Each structure stands twice: as C-alpha cells, then as structure tokens.
Amino acid sequence: MKLYRINALLLKYYYININRIDRIFDIFYWATIDLFVWGFASFYIEQLSDVNVLSILLGGIILWIFVWRSSQDIAVFVLEDFWSRNLYHMFSSPIKTSEHMASVILMGFFRSLATFAFLIIVAFLFYSFNIFIIPVFLLGLSVFLLSMFGWIMGLLVTSFIMRFGQRIQVLAWSVVWVIQPFSCVFYPLSALPAWAAKVAVLMPTTHVFEAMRAAFAGNPVNYTSLWHSLIISVVLFIIMAVFLESSIKKARKTGLLAKGD
Amino acid sequence: MNYIDVSNLVKTFREKGRIIKAVDNISFSVRKGEIFGLLGPNGAGKSTTINILTGLLEKDSGTVRILGCEPEKNWEFVKNSSNVATAYSWLSDVLTVKQNLRVYAKLYGVKSHEQRINELLELFELKNVADRRIIRLSSGENTRAVLCKGLINKPRVLFLDECTVGLDPDIADKTRDIIKDYQKKNDCTILFTSHYMYEVEELCDRIAFMSNGKIMSIDTSSNLKKLIKKHTVEIAVKKNIKLLKDFLKTEGVEIIFEKGSSIVFEVTTEGDKMYKVISKIFHKGFMLSNLHVKGPTLDDIFIKIARGK
Numbered sequence: 008m009k010l011y012r013i014n015a016l017l018l019k020y021y022y023i024n025i026n027r028i029d030r031i032f033d034i035f036y037w038a039t040i041d042l043f044v045w046g047f048a049s050f051y052i053e054q055l056s057d058v059n060v061l062s063i064l065l066g067g068i069i070l071w072i073f074v075w076r077s078s079q080d081i082a083v084f085v086l087e088d089f090w091s092r093n094l095y096h097m098f099s100s101p102i103k104t105s106e107h108m109a110s111v112i113l114m115g116f117f118r119s120l121a122t123f124a125f126l127i128i129v130a131f132l133f134y135s136f137n138i139f140i141i142p143v144f145l146l147g148l149s150v151f152l153l154s155m156f157g158w159i160m161g162l163l164v165t166s167f168i169m170r171f172g173q174r175i176q177v178l179a180w181s182v183v184w185v186i187q188p189f190s191c192v193f194y195p196l197s198a199l200p201a202w203a204a205k206v207a208v209l210m211p212t213t214h215v216f217e218a219m220r221a222a223f224a225g226n227p228v229n230y231t232s233l234w235h236s237l238i239i240s241v242v243l244f245i246i247m248a249v250f251l252e253s254s255i256k257k258a259r260k261t262g263l264l265a266k267g268d
Numbered sequence: 047m048n049y050i051d052v053s054n055l056v057k058t059f060r061e062k063g064r065i066i067k068a069v070d071n072i073s074f075s076v077r078k079g080e081i082f083g084l085l086g087p088n089g090a091g092k093s094t095t096i097n098i099l100t101g102l103l104e105k106d107s108g109t110v111r112i113l114g115c116e117p118e119k120n121w122e123f124v125k126n127s128s129n130v131a132t133a134y135s136w137l138s139d140v141l142t143v144k145q146n147l148r149v150y151a152k153l154y155g156v157k158s159h160e161q162r163i164n165e166l167l168e169l170f171e172l173k174n175v176a177d178r179r180i181i182r183l184s185s186g187e188n189t190r191a192v193l194c195k196g197l198i199n200k201p202r203v204l205f206l207d208e209c210t211v212g213l214d215p216d217i218a219d220k221t222r223d224i225i226k227d228y229q230k231k232n233d234c235t236i237l238f239t240s241h242y243m244y245e246v247e248e249l250c251d252r253i254a255f256m257s258n259g260k261i262m263s264i265d266t267s268s269n270l271k272k273l274i275k276k277h278t279v280e281i282a283v284k285k286n287i288k289l290l291k292d293f294l295k296t297e298g299v300e301i302i303f304e305k306g307s308s309i310v311f312e313v314t315t316e317g318d319k320m321y322k323v324i325s326k327i328f329h330k331g332f333m334l335s336n337l338h339v340k341g342p343t344l345d346d347i348f349i350k351i352a353r354g355k
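Heads up: the protein sequence lines correspond to chains X and E, in order. At position 72 of the first sequence (counting the first as 1) the number is 79 in the working numbering, and the numbers step up by one without a gap. At position 132 of the second sequence (counting the first as 1) the number is 178 in the working numbering, and the numbers step up by one without a gap.
Please note that the accuracy of each hint is not assured.
25 Å max Cα-Cα, derived SDA-like pairs, lysine to any residue [claimed, not checked]:
hint, chain 1, residue 1, chain 2, residue 2
1, E, Lys275, E, Asp318
2, X, Lys260, E, Asn258
3, X, Lys103, X, Leu113
4, X, Lys257, E, Glu61
5, X, Lys256, E, Arg64
6, X, Lys260, E, Asp318
7, E, Lys200, X, Leu18
8, X, Lys256, E, Lys275
9, X, Lys9, X, Ile246
10, E, Lys62, X, Ser253
11, X, Lys257, E, Glu171
12, X, Lys266, E, Lys275
13, X, Lys257, E, Arg64
To be clear, the hints were calculated from the coordinates, so they are not data collected in a lab. Note that the coordinates shown come from a computational prediction; the quantities given were computed from them, not determined experimentally.
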C-alpha cells in the first residue's frame, strides 16, 4: 500500500464532497431528521412511562450513524466512478484494491465523524442529551465496532456491484436497513422473538447497543461479548476483503471495468 | 528492444450461452519508440486487446510483456510507466479538469505536478476550461482532458484507443502533432487504434489489421497498400468516348463509373498492365482532357479485410 495513492483518492473524494452540495447535505440531513422525529417521540413516550427512552433512542440513532455512513459511503463512492464513466481510468491507474478501499473507508469515517459531531451538538442543545455518559473507552470501542460492521456491509455491497454492475446499486442505500431490525438499536435483545434473537446474537452491532443501554442504565457492561464481536468483525472483514478482491478479479474477467456499466 | 510483446493472446466472453472469441490467438511486438496501429472494423478486438494490456481485462491465455515485464507480476512498475487515453471513457465528471489532473498526477506519483498540469493544459489548449467541471465540457474538450491525463506521468508506453474521436479537424491535427512530438522527444512506445485511416497512416510506423479477433496482417502502411494490386484510373476525353469504352472492354479492365466524357476504371498493376493500358490509350490518339491515377488507400485495405475478401 502506498500512502500517496490513498491521499490521491482522498483528494478526489474531498473534491466530490465540496463540488456537490448534495454530498454535504447528505452528511447532516437524514440524521438530523431522524434525531428530531425520535427525539420528539421519546419526549412523548417518557410522559407515558418511567423508562429513559430518550437516552436509548437518541443514543441508538447517534451511534447507528457509524454503520449507516460507513456502509453507504463505501458503496456510493465506488458507484461514483460508474456514474461518471470513470471506472476505466481509475482501474487502469496504479491504484490497488487495498488502497482504493482504504481511501473510501477513511472518507466514510471522516463523514461519519462529521455527522456524529453535528448530532451530539444538536442532541445536547435540543434534548440536553449527553452521549458522553457512556465511558470514553466504551464509546471509542463502540464507534470502532459499528464502523467496522459498516465497512463489512460496504465491502459486501461493493463486491456485488463489481459482480453484477450498477443494476443492483439500490443495495448501497438499502442493505443497512435490512440489518437494523436485527441489531437491537432501539430495543433489547430480549424483546426479539426467539427466531430473530438467534440472528441478532450473531450481529456485532447487537452487542454494542446492548452495552450502550447498560451504560445508560448504570448497569455493568458485558465486555466479553464486545471482544467476541470484535473477533467476529475482524474475521468478517477479512472474508469480505477476500470476496471483494475475487469480485474485482471477476469484473476483470467479464469486462465490467472496461465497459463501466 | 520490444516494449510491448504479445504472444498467443486469447480472450473469450460468454454471451447468452455462446462463447465469443474477442481476441483469437494474436501475437505482435512493438519496438521501443515505435507507434504501432491496430486497425479493424467494430468488434475486431482492438479495444479488447488494449484493455488486456492496460490490466482492465483478464486474458484467458497467452503472454503479455510490457517493458519486458509481465504486468501481473510487476503491477506497480508497469502501471507507473504506462498510461491510457480513450475517447469512450471520461474523467470524473463531478470534478473540474484541473482537479482531475491533480488526482491522477498524485495517483501516478508525479513530482512537481502543478507544473506538469499547467504544461499539459497549455499544450492541449485547455487553460480556459481548467476550472470547469468535466460534465460541462464539449466532447472535444473532454477528449483533450483525457489525453492530458494520458500524458500526466510522461509514460514510456502509451495506449491510445480512438483518442481523437469527437475532435474538430483543426484540434485533431494539433493533437496528432502533439502525439508525434511527445513520442519523438520521449522515445515513447505507442499502441494506437483509430477508425481514421489517414490518421493511422500519418502516425503509425507499422499497422496490424484485425478482423474477428485475429490479426490478418502486420506491416508498414506502404507495404500493406501493395496488397491491393488494383489502381483506379479516371480518364476524360474530348471526343470518341464510345471508342474508348470499347477499347477498355477489349483490354479486359473493369469500368466502375461513366458519365458524359468521363470514365473511371480499375486496372491491376500486375504485369505492368496499368502502364500498358494507359500508354495504348495515348498511342491510339485519344485526346485526353483529364487523367488521374489513384493507388489503393488504407481504406481499401480496411474494407477488403472487413469484408473478408
């Protein structure tokens, strides 16, 4: 891996961000809408019960950003080259898959951090919600685990795009929402029916949100499950990286990179 | 020394259960500092060959060597020493010309890249649109921006796939001059495809004619033209056009057009037949008002090969 080539692509994604207002807008818009909808809903529910719904829902929304942004940005920045018929030049350049992926992962992470920073300010100003109730170490580990899961999903979608082309691009926006119900973002694992719980327990994201709720409630955090999640995430990440490499190899075989469709 | 070596290259695609041989066991070499043209009708396999050489397509079998190395094994060296320009693929359309060139300069590890970018923008007369987004450019400006990218790293091997498509005649002419000049100054090896025969004739030292994935022949343009023995003769007489026509028929030449006092016929150069027919016309005392002899062009070769004659 060469740092100067990663920098070159980061520069490209930076230009895309500053040249397209929708890309800047994208960082703040949906996340803010979500925050307000769930924030007001939480206020209402709290009037009806004693449960600390606000922390659970807003904490979930704010941390979910790392899964959402990371996954979507990886796929969308790769799709950008399809849309602008630039795939040919990009893949005939000296860039390697690992450098390409490192740059989209980094750009996705920077954009997630921008959304995260914006949301914690808005949540504090409007709902006096402070995410830093969660211990810094746990918060850092959660952000890393959630981002990593987003990268895994992003690599999966990118691999499919490399195999099947733009016709499956809708996955770039939709795949994380399929995962969300099984990630226990807004409810505990115990709230799921047995069959769904079996799926949820395998998701690294579930353990992060369980830990977050424990921290908000002042209960002990199950670090063992978080470390297990980390191991699962690393294994999944390696599998996805290998899958992506084989998908690009397949794209070189089928001619998708040359045709760019 | 050969800078490009292709040996027994094969590439097939599957389409609706059928296997299509896009490149069918081709071999050729391009010497250092040579401009080598790949010519052929649509679907002949020219772009597929370039796509394999640039690493965008994986070959089925055969060997490829660029600058003496197998690209798969010396990815970085080969990629940093070569580049490609094609009219059929854009730079990132969200970025401006200058932003794109900056990104590619960094990708290719170009030192003093701002200076190099300014040189290229000047050379291709793109200074006035340097800060314009690719999507706002005309197709000619777009093609020139792609050419700037193709030369950004001062490549030792350059692949140009129909890179002058969409350029007006003036800019196309200037572009050819730039390519020739760059090749001369840098002793660069260029693999060039085009549909414009005069362009190939003007630029290329040698030409390979491709058809149905195969190379039909490789030679210089003047030698290739010798493959067609027939010349076209246009003749106009002041009187006795009917007599001339009868005479030509007795000589067994093929009249392909006649109008008024003019006749156009094809005659072979084999056995000096063309010279004999023309001298007989003079000896018979026909009063000529026009005589024009046209040798075969690369277009004729192209058509002959494309139609499988």
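Cross-check of the supplied hints:
For the given pair, lysine 275 (chain E) sits about 10 Å from aspartate 318 (chain E) by alpha-carbon distance, which is consistent with the 25 Å threshold. Between lysine 260 (chain X) and asparagine 258 (chain E) the alpha-carbon distance is near 19 Å, which keeps this suggested pair within the 25 Å criterion. For a cut-off of 25 Å, the pair hint linking lysine 103 (chain X) to leucine 113 (chain X) stands: about 15 Å separates their Cα positions. For a cut-off of 25 Å, the pair hint linking lysine 257 (chain X) to glutamate 61 (chain E) stands: about 15 Å separates their Cα positions.
A distance of roughly 21 Å separates the Cα atoms of lysine 256 (chain X) and arginine 64 (chain E); the hinted pair therefore holds under the 25 Å criterion. Of the pairs offered as hints, the one joining lysine 260 (chain X) and aspartate 318 (chain E) is violated, with about 52 Å between alpha carbons and a cut-off of 25 Å exceeded. For a cut-off of 25 Å, the pair hint linking lysine 200 (chain E) to leucine 18 (chain X) stands: about 22 Å separates their Cα positions. In summary, the hint linking lysine 256 (chain X) to lysine 275 (chain E) is not supported, as the alpha carbons are separated by about 47 Å, beyond the 25 Å threshold.
Proximity of lysine 9 (chain X) to isoleucine 246 (chain X) is assessed by CA-CA distance (about 23 Å); at most 25 Å being required, the pair is judged to hold. For the proposed pair lysine 62 (chain E) and serine 253 (chain X), the alpha carbon gap of about 23 Å is at most 25 Å, so the pair holds. A distance of roughly 39 Å separates the Cα atoms of lysine 257 (chain X) and glutamate 171 (chain E); the hinted pair therefore is violated under the 25 Å criterion. Proximity of lysine 266 (chain X) to lysine 275 (chain E) is assessed by CA-CA distance (about 40 Å); at most 25 Å being required, the pair is judged violated.
Straight-line distance between C-alpha atoms of lysine 257 (chain X) and arginine 64 (chain E) comes to about 18 Å, which keeps the hinted pair within the 25 Å bound.
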